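Residue numbers (my numbering), protein chains in the order written: chain A, 60 to 187; chain B, 60 to 187; chain C, 22 to 431; chain D, 22 to 431.
Be aware that a few hints might be false.
Calculated cross-link-like contacts (lysine-lysine; reagent style DSSO-like; alpha-carbon spacing at most 27 Å) [stated by the list, open to error]:
id, chain 1, residue 1, chain 2, residue 2
1, B, Lys165, C, Lys281
2, D, Lys318, D, Lys110
3, A, Lys165, C, Lys425
4, A, Lys165, C, Lys427
5, B, Lys165, C, Lys99
Anything over 12 Å on all C-beta distances counts as not near chain A; from chain D, calculated [as the list claims (entries may be wrong)]:
id, residue
6, Val42
7, Glu94
8, Lys208
9, Glu323
Keep in mind the hints are simulated off the structure, nothing from the lab. Model, not experiment: these values are computed from the prediction. We put the beta carbon where it would ideally sit given N, CA and C, even for glycine.
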Amino acid sequence: MEDMYREVILDHYKNPRFNGELDPADITYQDDNPLCGDMIRIDLRIDDNNRVIECAFSGQGCAISQASASMLMEDIQGKSLEEIKDYTREDILDMLGIELGPVRLKCAMLSLKVLKVGAYGVQEWIED
Amino acid sequence: MEDMYREVILDHYKNPRFNGELDPADITYQDDNPLCGDMIRIDLRIDDNNRVIECAFSGQGCAISQASASMLMEDIQGKSLEEIKDYTREDILDMLGIELGPVRLKCAMLSLKVLKVGAYGVQEWIED
Amino acid sequence: MTIRFDANEIKRDFPALQRMVNEDVPLVYLDTTATSQKPKKVLECLSYYYSNSNANVHRGIHTLAEEATAGYESARTKIGEFISAPSAKEIIYTRNTTEAINLVANSWGRANLRSGDRIVLTEMEHHSNLVPWQMLAASIGLEIDIIPVDDNGCLDLEVYEKHLDKNPKAVCVTHMSNVLGTLNPIKEMATQAHEHGAVIVVDAAQSVPHMPVDVQDLGVDFVAFSAHKMCGPTGVGVLWGRYELLDGMPPFLGGGDMIKRVYLRDFDTNELPYKFEAGTPAIGEAIAMGAAVDYLKGVGMENVWEHEQDIVSYAMERLEEIPGLTVYGPEAEKRGGVTAFTLDGVHPHDISQILDVDGIAVRAGHHCAMPLHERYSLVATARASFYLYNSYDDVDKLIKGLYKVKQVFG
Amino acid sequence: MTIRFDANEIKRDFPALQRMVNEDVPLVYLDTTATSQKPKKVLECLSYYYSNSNANVHRGIHTLAEEATAGYESARTKIGEFISAPSAKEIIYTRNTTEAINLVANSWGRANLRSGDRIVLTEMEHHSNLVPWQMLAASIGLEIDIIPVDDNGCLDLEVYEKHLDKNPKAVCVTHMSNVLGTLNPIKEMATQAHEHGAVIVVDAAQSVPHMPVDVQDLGVDFVAFSAHKMCGPTGVGVLWGRYELLDGMPPFLGGGDMIKRVYLRDFDTNELPYKFEAGTPAIGEAIAMGAAVDYLKGVGMENVWEHEQDIVSYAMERLEEIPGLTVYGPEAEKRGGVTAFTLDGVHPHDISQILDVDGIAVRAGHHCAMPLHERYSLVATARASFYLYNSYDDVDKLIKGLYKVKQVFG
Ligand SMILES: Cc1ncc(COP(=O)(O)O)c(C=O)c1O
Ligand SMILES: Cc1ncc(COP(=O)(O)O)c(C=O)c1O
Chain A
60 MEDMYREVIL DHYKNPRFNG ELDPADITYQ DDNPLCGDMI RIDLRIDDNN RVIECAFSGQ
120 GCAISQASAS MLMEDIQGKS LEEIKDYTRE DILDMLGIEL GPVRLKCAML SLKVLKVGAY
180 GVQEWIED
Chain B
60 MEDMYREVIL DHYKNPRFNG ELDPADITYQ DDNPLCGDMI RIDLRIDDNN RVIECAFSGQ
120 GCAISQASAS MLMEDIQGKS LEEIKDYTRE DILDMLGIEL GPVRLKCAML SLKVLKVGAY
180 GVQEWIED
Chain C
22 MTIRFDANEI KRDFPALQRM VNEDVPLVYL DTTATSQKPK KVLECLSYYY SNSNANVHRG
82 IHTLAEEATA GYESARTKIG EFISAPSAKE IIYTRNTTEA INLVANSWGR ANLRSGDRIV
142 LTEMEHHSNL VPWQMLAASI GLEIDIIPVD DNGCLDLEVY EKHLDKNPKA VCVTHMSNVL
202 GTLNPIKEMA TQAHEHGAVI VVDAAQSVPH MPVDVQDLGV DFVAFSAHKM CGPTGVGVLW
262 GRYELLDGMP PFLGGGDMIK RVYLRDFDTN ELPYKFEAGT PAIGEAIAMG AAVDYLKGVG
322 MENVWEHEQD IVSYAMERLE EIPGLTVYGP EAEKRGGVTA FTLDGVHPHD ISQILDVDGI
382 AVRAGHHCAM PLHERYSLVA TARASFYLYN SYDDVDKLIK GLYKVKQVFG
Chain D
22 MTIRFDANEI KRDFPALQRM VNEDVPLVYL DTTATSQKPK KVLECLSYYY SNSNANVHRG
82 IHTLAEEATA GYESARTKIG EFISAPSAKE IIYTRNTTEA INLVANSWGR ANLRSGDRIV
142 LTEMEHHSNL VPWQMLAASI GLEIDIIPVD DNGCLDLEVY EKHLDKNPKA VCVTHMSNVL
202 GTLNPIKEMA TQAHEHGAVI VVDAAQSVPH MPVDVQDLGV DFVAFSAHKM CGPTGVGVLW
262 GRYELLDGMP PFLGGGDMIK RVYLRDFDTN ELPYKFEAGT PAIGEAIAMG AAVDYLKGVG
322 MENVWEHEQD IVSYAMERLE EIPGLTVYGP EAEKRGGVTA FTLDGVHPHD ISQILDVDGI
382 AVRAGHHCAM PLHERYSLVA TARASFYLYN SYDDVDKLIK GLYKVKQVFG
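Work out the full structure, taking the sequences as your base and the hints as a guide.
This is the structure:
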C-alpha cells in the first residue's frame, strides 16, 4: 500500500477494458458481495475449441473489484476454458501487484469467482 | 474463620436445641436451599398475646444452617411475633460470631427465612 | 458552557491509541461505533481477575469462588446504577446487544405474541433489532409495520402514530442510529406505545456508551447494550427489563445456574436475574464491564456527551466543505458522534483503505443496516465515529486524509 | 511409561497459582472441573489484543480490523485442528458449552424432531445437557429415555441398547462426568447410535480440556466445550458439528454477521460458521482461546492425560484411606481427574469451608448434576479435581486437610 493504489489499478478502474455486455453470449454469470455491494457480471463468447473469443464485464463497486475484473478480461483473451480453470488467487494478486487483507481479498476475487462459477458451476470455486 | 468453626457453632450443630417437631403447632413452615440441600422446618406454638410459648426445628444440612436454627430457637423463646419481625441478618451473624461469604450466608439465613415467612408470609422476607 | 475535558489527556488512558500503524503512523481511531477502545484500568481489572480471583461463580465456598462471585455481582449493581435501573436483579448479562434482543424476542415474544399480532420496527434499525423479530414473525406469524426514515434522517412519527392505531404488541426501536447518528425521541415514543398497550424494546447499543441513560425516566420496558462499545471487553452485554416483565417470562437458554432444581425430565426455574443466565457466564468480562462503568462515571456521562456533540458539530462542518462529499442524517444537534458519508466517484471501501495508509481507521460498508442504506439507494457508506478520546485534531486528520483520497481518485 | 512433566514447573506458568489466601497460606487449587486457571501466555495474549489490535471483525478494512479478524479466524483454525475437525468452518464460537448445546437443541432439534420422537439422555448429565432437551421436549412433545448409572458409576449400556431399539432421533451424552469422572465409551455409543439412525450430541466440557479428542475418530455428530475449562478465558466456547448437519440447520440467534442480506421483513442467511454467530462475538476471548490451545499443545494432551491419571489414582488411594470417606464413581483407570466424595457426619459445605482455611479450594454442592446426586440419595458432595498444574503434593495437602475436618467435627 506504500504507493496507495498503484497507477495501473486506478487506470483500470477509471478506464475499464472490455467493459459492457455481450448479446448474445455463450456464458453469462453474475454475482455480488453483499458486504460491500460490489457486483460483477461477465459475458463470454466461446469458439468450437472452447476458447474465449470475446469477453466483457459490467458491474459496480470499489476500485479493487472493478480493476481486477478489467485486468482479468485482458488476460483471458484467447485462453481456453481449461486454462481458465488454472487461474488462482495468486494470479489475481500478481496482476494487482498489492497485498490485501481479508475483506479486500473478497473484492479482488469476485471477478475470478464469477468467471469460474460461470464457466464450470459452483463446484469449481473453492473460496476460503 | 481463624478458629475454624467456633466451639459454640459446633456445639449447636452436634447438640441441637429445640430439635424436633410440634404436633399440633400454630405455625409450621419449611423451606430448603436447593443449591446445597439444606432443609429447615420450624414449628411454633403461640399464646393469646402472640408470644412464642414453644418452638422446635428439624431439618438437615451443614453446620451453619443447623446451628443457626438451633441458636435462633433458643433466642425466640417468649418473644412476640412483633419482636420476631425485627430480627435481621446481623442478629444471626452476631449469634454465629463469624463472617460468611455469599453462599454460606444463605445457609445461615435459611432458618430466619423459614421463621419469618412462616410467621408473616413471603412479603416480609426480603433477602439480598 | 460545559466542563470540558481534554481528549488528548483521555487518550493516554487507552493503550491501543498509543500504537503506530503501517510501522510509523500514529493510529487515529474513528471506529468506535463498531467497537470502542479500552482504557488501561479496564485491562488491568481483567488481568487482575484472571491472575487472582478466577473461579466459577455462585456455587463455590472457597476464597476464589467468593471473590469471583462478589466481583460479578458488584459489577451487576454498578451497571444497574449506571442506567438507573430500580434493581440489580433486572440486569441480565448476555453476550452482546444482539443476544439481549434475541432473548426478548424468544422469551417475551413467544410467551406474549400470537399469530396475527403486529409489531413495529423502523427503517433505521441495526440488523440486530430486525432479524430476531423477523425470525419470530416467520415462526409464529406476526405482521411487521415499519416506521420510515424521513429526508432529514429522522423517524417519521406520523407514520408511527398510524402504526400504533393498529394496536401493535411491541415497538422495537433504536435509541441512536449507528449510521445516521439520529437520536430518537424514545421517551415520547414510549409514552405513546404504552398508551396503545405496546411494550417498547430499545436498542441502546449506541446510547448507553455515549450519554446519560435513565431507564426509569425514559419509561421503556427493555433496553439492550454491549460492553465492548463502552470501554469494556467483548463477550458481555446487558439486557435490562422491567422486573414484572422479566419475572413473568419463561427461560431462554437452559443449563446450569438458571435452575433451582433439576429432575431427569423436568426442572424448576431460578429467580431473576439467574433465570436468564445459563451456564458459566463471561465472569471476567462482566467484572471488567463494571470497571468500564467506573471509568465512564469518573469522566462523567454528561461530559462525554457534550464532548461528542462538540466534535461531531465540528466534523460535520469540515466534512461538508469537501466537494462531492455527502453526509447522511440530521444536523449535528440531533445526532450522536457518528457521521456516515459518501464521496462522489470513490467507493467507501477505497476511502477506508486509503485513509488507513495514514493510520485513520474508519468503517466502510452497510454497517449492519442494509435496509437503511437501501432507503438512500446506497450499498455502502464510509463512517467516522467519535468517542471521548477523539480530539479536534483527529477530525482535522480525517479531513486531510479525505482530500488525499480525492486526489488519488481525481 | 510416559514422558512425565513436572507439575510444579507447570504451576509457575499460572499467575493465580502463586497467590496466597487468608493472607498467608498458598492456594491449592482443586476446582478445575468448575473452571481452570489461566497460564500467563493466555493472559498476555488477551492483554496484547486489547492493547493493540482491538477492533470489530469481518467488516473492517483498517489495520486493526484486519488484525482482529485474522486473529479471530486463526484461533478458529487452531481449535479445529486441536479436535481434528475436518474444517474450521465447523467450529462455531458460542459463549460456553451450555449455549452450544442450546444451539443444537433449538436449531437442529426444532428442524428435525417432531412430536412423539424420542431422545436419549443419561442420569449422569450436567444440567447443561439436560435442561435444553427438557425445554425442547416440553415445547414440541418429545419422549425422553434415560440411561441409568450403574453401581460402578458407569452408564448401563444394556439399557442404552434397549432405548436404541425404540429408534430415538438423538442421543445426548457427556464424554466425561464432572462428578464421577466416568469416561464414557463414546466411540462405541456413536456407532450404535448411528446404526439406529440417531444423531449423537457429546458434552465434551470435561474431555477436550483433559485428553486428546479427535472428533472424526470418535465418529460423533456434535461436540460442545468451553474455553474457561481449558486454560482459556470465560465468555467463549465452541460447538463443533459435522458440516452437512450444520449446513442444513436453520439459524439460532439473529443479528449482524449471521446474515448475507437483510431486507425490512426478511433476510438471507450467511454461510458457515458465521450463520451461527450473531452480533459482535467474544473476539478477544476467542483469540485467547487459541492461545490456550497453543499452550496445551505445547505440553501435549497425551501428557496432560497421563499426568491426571497418575494424580487421580494417587488421590483415590489416599482418599479411600480416610475412615468414613466415600468416593463416588468408577476405579481410577476408568475416570478422569475428578473425585467427588462425602465424609460421614460432615456436610460437604463444611468440608469445603474448613479446607479453605488452609487454602485448599474444592467445590461442594450438586455440581449442576442434581439427578445424579439423587441417584446416590445425596444432596451434595465435595469435589476435588485435578489438572496439569496439580502435583502429588497438592493431594497430600488435601488429605491432611480432610483429617483436620474430621478432627473439627470429631
Ligand atoms: C460435563 C459438563 N458439561 C457442561 C458444563 C457446562 O459448561 P459451561 O458452564 O461452561 O457452559 C460443565 C461445567 O460446568 C461440565 O462439567
Ligand atoms: C445500534 C446498534 N445496535 C446493535 C448493535 C449490535 O451490537 P452487538 O454486535 O454488540 O450485539 C450495534 C453495533 O454493532 C449497533 O450499533
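Point to revise | Hints that the structure is at odds with (numbers, increasing) | key: 7
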